[in-house]
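Participant: Below, each chain spelled out in residue letters.
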Amino acid sequence: MHPAPSVILFTTLSGAGFGLLFVLATGAVAVFGLEAFLLWGLGYLLATAGLLASTFHLGRPERAMRAFSQWRTSWLSREAWAAAGALLMLAPVALAAVSGGGLPPAFGLTGALACLLALLSTGMIYAQLRTVPRWNHWTTPALFFAWALAGGTILAGLPYAAALLCAALAVLQLFAWRSGDRRFAARGHTLATATGLGSRGVVRSFAPPHTGHNYLMREMIHVVGRRHAAKLRTLALLLGAVIPAILVVALPSSLPAHVLAFAVHLAGAFAARWLFFAEAEHVVGLFYGAR
Amino acid sequence: MTALPPPPAKKLGLVIDLDTCVGCHACVTACKGWNDQGYGVPLSDQNAYGSEPSGTFLNRVHGYEVVSGGGPAEIVNFPRSCLHCDNAPCVTVCPTGASYKRAEDGIVLVNEDACIGCGLCAWACPYGARELDAQAGVMKKCTLCVDRIYNDTLPEEDRVPACVRTCPTGARHFGDLADPESAVSRLVAERDGYDLMPELGTAPVNKYLQPRPKGAAEARPLAPLLDVRATGLAGWLDRLLERL
Ligand code: SF4
Ligand code: SF4
Ligand code: SF4
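Chains as they are written, first to last, in the numbering used here: chain P, 1 to 291; chain F, 1 to 244.
Simulated from the structure, these hints should not be mistaken for laboratory data.
Certain hints may be false.
Derived contacts from chain P toward chain F, CB cut-off under 10 Å, selection only [what the hints assert, rightly or not]:
(1) Trp75
(2) Thr131
(3) Arg218
Note that the Cβ used here is the ideal one computed from N, Cα and C, for glycine as well.
Sequences are here, hints too, so could you generate the full structure?
Facilitator: This is the structure in structure tokens:
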């Protein structure tokens with residue numbers, strides 16, 4: 001699949017944003033005043049910046065509001081509801097924390113639930129697609145949770161939770177890569193099943209239907225850049241999980257230290273998310289004799 | 001609503017005969033021609049006369065080579081358009097309700113006025129049947145020529161999809177695949193019509209027909225011509241030159 005920068009930005013930034021908002025909403029860290037303002041503000045900034053970036057890849061962004069209509073069937077629509085719902089529900093909680101007041105924990109907890117739903121929906125948008133075997137697996141939503149919560153705990157300054165989540169993230173990410181590498185072949189989609197001509201012999205693409213590019217090829221067939229996958233995987237694990245885990249535990253707890261660890265983590269998250277798209281193969285590539 | 005309707009009583013669709021398709025792309029052109037001025041926004045082209053032309057099409061024709069054993073390679077021309085799946089994954093993923101499957105005849109359509117161009121439906125389709133129009137920013141797909149097949153202003157013989165009407169070899173057949181007595185259903189029964197990528201559970205309405213088995217290649221019809229023996233003056237010259 002084409003690794004569109006807007007989608008990579010959106011999923012990583014808003015993922016981390018909702019991860020942070022989740023941590024703050026559960027009350028796992030007690031922040032007040034200026035610190036509360038900075039952390040809640042960062043959470044809102046990341047979440048909304050990501051959501052804004054996501055509208056850039058729409059063909060008709062001015063109609064984006066229509067995406068709220070099909071929550072009964074569409075994960076994309078559910079994501080819109082959960083994300084907007086979380087941001088609205090948590091506003092009073094954030095204001096209370098900044099102004100030093102307090103709200104009953106039920107407010108924060110419903111907002112926290114909405115954050116989790118937003119993350120789940122983002123993961124399910126990809127995991128539901130049987131056409132992309134690498135994504136069509138429980139590891140996809142699990143990864144979206146793990147990246148978001150690791151980022152959130154790093155920023156919120158929960159060193160041990162963050163280190164633990166980074167370790168879990170690394171294990172899960174490794175497992176997702178390894179099992180994902182085999183899934184396309186294991187599902188048995190081939191040019192033979194795509195054309196139904198397998199019973200006649202070995203099928204090969206002979207004459208493409210068009211000499212130029214088209215939307216399908218630009219969007220679903222991405223062959224450049226997979227060469228560096230092994231290096232990028234190592235980089236993603238080091239920057240995304242290993243180094244930030246060491247940083248949060250080793251550095252004395254302060255907002256600048258958390259932001260530094262988070263910046264390193266985010267670089268790893270970008271690399272992992274780029275691979276998430278670039279390595280995903282869509283079955284339509286079979287028709288073109290390419291994946 | 002992007003929920004799928006209950007199984008429709010009528011399932012309009014195409015049966016594509018890979019035995020007779022000659023790969024002329026007439027259906028591609030006819031489809032673009034009709035749908036450029038009918039249902040929804042036109043099918044735009046980008047850089048049409050430049051070095052990297054690109055454009056939106058609702059129907060594409062591939063060419064495949066099939067080799068088995070030591071026999072000669074077989075070329076199969078393979079038209080690919082929306083299969084109007086019963087279990088259409090492209091419909092249920094749509095966040096806006098723009099994608100829908102009609103309850104009355106099973107045709108899968110896009111309401112272009114509601115589409116936000118998110119592209120998720122194209123990701124969900126295994127068959128590459130949906131293309132986002134680069135100019136209009138909305139999703140385009142085969143409409144089964146819904147604006148022809150019910151169009152009373154057209155002469156009777158034209159009330160079939162443009163691709164079916166234009167195909168010079170009659171390789172594309174249109175009809176109701178839910179009616180076991182229809183011509184298309186009988187054709188499917190006779191020729192073992194099959195589904196593309198059945199393992200994905202999309203339950204396509206459109207069916208494909210295998211190329212019929214071909215006999216062994218005939219003795220080369222031009223072979224005797226290669227063994228001409230010259231007679232008369234030419235024969236004498238031939239023998240003379242041979243000896244030199
Ligand atoms: S062929 Fe693709 S676009 Fe057409 S109904 Fe099936 S899944 Fe949807
Ligand atoms: S591109 Fe349009 S039709 Fe397709 S899923 Fe998005 S809104 Fe629906
Ligand atoms: S039925 Fe109409 S829209 Fe569909 S491929 Fe044929 S000509 Fe194109």
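Participant: What hint numbers does the structure not satisfy?
Facilitator: none
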